[in-house]
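Listed in order, the protein sequences are those of chains A and B.
All letters in the first sequence, in the order written, are residues 5 to 193 by my numbering.
All letters in the second sequence, in the order written, are residues 5 to 193 by my numbering.
Hints listed in this document are in silico derivations from the structure and should not be mistaken for laboratory results.
Hints are supplied without guarantee of correctness; some may be wrong.
Same chains, same label: a pair holds when it works inside one copy or across any pair of copies.
As the list claims (entries may be wrong) - Capping the alpha-carbon separation at 25 angstroms, the derived lysine to aspartate or glutamate pairs in DMTMM-like fashion look like this:
1) K77 x E127
2) K39 x E20
3) K39 x D120
4) K77 x D99
5) K39 x E138
6) K39 x D99
7) K39 x D136
8) K39 x D179
9) K77 x E20
10) K39 x E130
11) K77 x D48
12) K39 x E127
13) K39 x E124
14) K39 x E61
15) K39 x D163
16) K39 x D160
17) K39 x E83
18) K77 x D160
There are 2 protein chains.
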Amino acid sequence: METFATRGYNNASLAEVAARVGLTQAGVLHHFPSKAGLLTGVLDLRDATEIGELGDERPRGMAFLRHLVDTAKHNAAREGIVRLYAVLSAESVTDGHPAQNYFRTRYQGLRTMVVDALHEAVEHGEVPTGLDHETVATAIIATMDGLQVQWLLAPDSIDMAAATETTIRALTHADLPPSPEPFQAGRAG
Amino acid sequence: METFATRGYNNASLAEVAARVGLTQAGVLHHFPSKAGLLTGVLDLRDATEIGELGDERPRGMAFLRHLVDTAKHNAAREGIVRLYAVLSAESVTDGHPAQNYFRTRYQGLRTMVVDALHEAVEHGEVPTGLDHETVATAIIATMDGLQVQWLLAPDSIDMAAATETTIRALTHADLPPSPEPFQAGRAG
């Protein structure tokens, strides 16, 4: 993860990965069939800690939008993960990139999840009717992504969580519920 | 520009650039001292057509925010430029990337330009007082960036201009003025 985050996929070398984990390149290739296979493994590992894997366990309605803000807050304490995601998602649009379908599918899934949460929020009476849920969902995800690049370049100038919350409140014409509990590392939310 | 857009900087080869323009690698290096120097040249060329170079000529107040929406609309017809920007801006956060300072300075300049336009919009009575202009500016720029990656991966699903306009209207609590004129390719705005 560290190698892909600091080099990008295209510029990462198996030699560096092998050196970091104390294996030979052949040793790494014993566990992963190729550099592309290693990337898939890294993305799967990352997903295990991420909103994309919340599935049926995700908070409903505006509580899910609060969860996105909490994720942005949480992300400010894990620069490596943010960098990995920002670099690989953009790099995935280059020709023949092995993570292109991964990110295309991932964004479609995220948009669907936010759209579903917005529908729930309307049903719960949390947000007004008449919003274009597809556009709002697309814009919220875009804001979170774009903030990551600005924050990585100027961490002292950018507050990802504050800007995410401001954008979500504006786009939904609604306040967000409080976080379920103070964030504590290692504790399930 | 095409090589950096389709490969990223790290993965681009001078050999490919040279072949595209019908020169030897030595011929390319006669005009640009290094691959990093070539990247600087490409970014300077791109800027010549971009909002970052509007300077004192930029529209004032909400007319500038309309200009951002028009830029997003325009961008949907120039995939190569969008890809170049999306790939290089994110890649710039990798270790030792030669465009890191370029993008750090560029984002700071864009934020300042949008903040200035928001102050003008308040003075003109176009938007209400009490907005956090820094946060709103950061979020607008972030939305535009994030939309580019989603659009590059799914151009038929994402309307960059519509999502940008929705976000700006929501964040400023204001409508946007009409475009100064219908967009026409090749005509100065």
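Cross-check of the supplied hints:
no. : hint       : result
1   : K77 x E127 : neither (27 angstroms within a copy, 33 angstroms between copies)
2   : K39 x E20  : both (12 angstroms within a copy, 23 angstroms between copies)
3   : K39 x D120 : neither (36 angstroms within a copy, 46 angstroms between copies)
4   : K77 x D99  : between (33 angstroms within a copy, 24 angstroms between copies)
5   : K39 x E138 : neither (35 angstroms within a copy, 41 angstroms between copies)
6   : K39 x D99  : both (16 angstroms within a copy, 19 angstroms between copies)
7   : K39 x D136 : neither (41 angstroms within a copy, 45 angstroms between copies)
8   : K39 x D179 : neither (44 angstroms within a copy, 49 angstroms between copies)
9   : K77 x E20  : neither (31 angstroms within a copy, 42 angstroms between copies)
10  : K39 x E130 : neither (46 angstroms within a copy, 53 angstroms between copies)
11  : K77 x D48  : within (22 angstroms within a copy, 35 angstroms between copies)
12  : K39 x E127 : neither (46 angstroms within a copy, 55 angstroms between copies)
13  : K39 x E124 : neither (41 angstroms within a copy, 51 angstroms between copies)
14  : K39 x E61  : neither (33 angstroms within a copy, 48 angstroms between copies)
15  : K39 x D163 : neither (34 angstroms within a copy, 34 angstroms between copies)
16  : K39 x D160 : neither (34 angstroms within a copy, 31 angstroms between copies)
17  : K39 x E83  : within (23 angstroms within a copy, 28 angstroms between copies)
18  : K77 x D160 : within (14 angstroms within a copy, 32 angstroms between copies)
Against the hints set out earlier in the document, violations occur for numbers 1, 3, 5, 7, 8, 9, 10, 12, 13, 14, 15, 16.
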